[in-house]
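Asker: Listed here are the chains, written in short residue letters.
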Amino acid sequence: MKNLKPIREGDVFDTVSLDGKTFEIRYGYYEDYERESGEPIPIYPDLKNEPVYGESGKRIVTFIQESCEAYEPRCGECLDETDCGFCKHYRATHPGILLGICMNDNK
Amino acid sequence: MKYLSVKEVAEKWNITERRVQHFCKDGKIHGAEKWGASWRIPNDAERPDDRRTREAKKTKRFYMPMPRKTPFLIMTDLYHTVGMADECADKLENHPEAQMLFRADIEYTRGNIDEVLEQARLILSLHTGFFAVLSGGMLLALCAVWKSDINLWKEAKQHICEAPCKDEKDREIVNLAIASVNSALHDITDFPDWFSYGNFDKFPVDALPAARVYYVKYLVISAKKHALKEKDFEDVTGLGLLRVIPFIVNPMISQVRADKTVVPEIYLRLLLATTYHYIGDDKSAVEQIDAALDIALPDRLLGILAEHRRSLDTVLDDRLKLRDVEMYKKYKELYKVYEQGWAKLHSIVCDKNISVTLSPREREAARLASFGLSNPEIAKRMNISLPSAKSLIFYAMNKTGAQSRSELVIYI
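Chains as they are written, first to last, in the numbering used here: chain A, 1 to 107; chain B, 1 to 412.
Mixed in with the good hints, there may be bad ones.
Below are the SDA-like pairs computed for lysine to any residue, each with C-alpha atoms no more than 20 Å apart in a straight line [said to hold, decoys possible]:
| # | chain 1 | residue 1 | chain 2 | residue 2 |
| --- | --- | --- | --- | --- |
| 1 | B | K380 | A | K88 |
| 2 | A | K88 | B | M397 |
| 3 | B | K380 | A | E34 |
| 4 | B | K321 | A | E36 |
| 5 | A | K88 | B | K321 |
| 6 | B | K399 | A | Y27 |
| 7 | A | K88 | B | F394 |
These aren't lab readings, by the way, just hints derived from the structure by calculation.
Working from the sequences, and respecting the hints, build out all of it.
Answerer: The structure is reproduced here in structure tokens:
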């Protein structure tokens with residue numbers, strides 16, 4: 001576990017650098033109503049609607065964002081999934097972090 | 001306390017050493033303990049009646065046969081009134097073996113594991129009766145889970161296997177005892193087919209309340225195994241099997257209430273609460289938890305609650321915290337011990353590394369995912385956003401190393 005103290009909204013979960021870009025990931029909630037349902041979780045930027053590209057020109061994506069039309073499942077179990085993390089073009093760079101790089105040359 | 005050897009006692013009582021050893025082996029000397037190959041006897045022990053003499057035969061027998069034919073005396077009507085566990089134990093004063101077993105059972109349900117371990121070893125050293133050996137062995141095995149002690153686990157199963165069987169029926173009961181002990185680690189492979197169909201004909205009547213509890217445990221674990229695709233129930237979906245369980249358990253609860261058996265009712269209600277929680281009906285789960293707490297708290301049976309915390313998560317925590325903050329604190333200490341012990345022993349026995357570091361929400365998301373719910377369904381059930389649901393499942397799979405959603409069921 002990264003943080004053994006009680007986690008509060010706004011606490012830093014991790015600071016991640018990939019492909020020349022740095023992301024500071026903080027604990028929080030994706031929607032206001034979620035505050036009632038439990039502890040905060042690491043919140044990632046909306047890279048689908050606000051795309052970010054690394055120094056290599058490759059697009060940086062999150063594991064859980066909705067995939068594009070170029071989605072190709074990386075395994076048999078991923079046939080019903082539609083998130084970038086299950087695509088064969090997705091490359092995870094840091095264990096336990098929902099950020100990765102899309103290696104599809106067309107994206 | 002000072003102890004004497006067999007030779008010293010023989011001299012003191014003016015009888016042969018062989019006679020003293022027979023008394024020890026038959027459990028007629030209170031406090032005598034097996035020490036390696038010999039016995040040690042408290043120096044204030046009373047000489048038992050030698051029933052071979054005419055005079056002795058006129059006196060009343062002190063030691064009686066076991067009052068119930070079952071390894072778990074606490075699951076019978078011997079414990080018939082809520083809040084009166086210790087008083088029920090006192091009433092067994094004319095049955096010292098049964099009283100010892102009953103008290104050990106009570107301490108187990110309270111989570112006083114060190115004391116149970118000591119008593120179970122003593123029972124096994126003193127008694128050779130079929131149900132006494134089964135009971136001692138099963139208590140040792142349950143202690144092994146709390147202690148994550150693989151050697152104790154193996155020793156316990158050895159004792160169970162060595163219970164003196166008179167006939168085929170006894171052998172079936174020994175096999176079932178082994179299967180029941182394995183189910184503590186969610187392994188149900190050894191349950192015989194006749195049991196999996198809910199056929200209890202082979203049991204003595206006294207053992208039926210305990211049989212019901214183990215049968216419901218078997219059903220709940222079967223649902224998990226089905227989610228893992230390790231067990232096949234044709235035409236049944238992941239949650240379908242769980243939805244049937246309340247129809248089976250509710251009549252059982254009525255039966256154990258009519259039979260006035262307190263501990264089976266607690267177990268059945270907590271297992272039913274688990275089932276409701278798994279299928280997302282937390283309102284019904286809370287009703288069952290509250291009813292179980294009504295029965296368990298007067299006698300402080302927090303060990304049973306700690307055993308179920310893993311499957312009930314914060315639903316159980318919240319209800320107990322509302323009732324009694326002091327007992328909640330004690331329960332928290334107990335469940336931490338149990339969860340760590342369970343995870344470690346499970347990992348050793350099943351060769352799978354079980355993580356205990358999932359947060360309550362990660363565990364809940366993992367459970368719903370393992371039973372086949374989609375991400376939008378999980379988000380709706382947990383009242384969270386879709387990205388949150390996806391994140392929780394990702395973290396659960398990452399922490400556990402599960403390769404698929406269905407595999408998550410092992411870790412919940």
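Asker: Confirm or reject each hint.
Answerer: Outcome of the hint check:
The hinted pair formed by K380 (chain B) and K88 (chain A) fails the criterion: a straight-line CA distance of about 29 Å is larger than 20 Å. A distance of roughly 18 Å separates the Cα atoms of K88 (chain A) and M397 (chain B); the hinted pair therefore holds under the 20 Å criterion. For the hint linking K380 (chain B) to E34 (chain A), the alpha-carbon distance of about 11 Å falls within 20 Å, and the restraint holds. With a CA separation close to 18 Å, the supplied pair K321 (chain B) and E36 (chain A) stays within the 20 Å bound.
For the proposed pair K88 (chain A) and K321 (chain B), the alpha carbon gap of about 47 Å is over 20 Å, so the pair is violated. Using a Cα cut-off of 20 Å, the hinted pair K399 (chain B) and Y27 (chain A) holds, with the two alpha carbons roughly 18 Å apart. This hinted pair checks out: K88 (chain A) and F394 (chain B) have alpha carbons roughly 17 Å apart, not beyond 20 Å.
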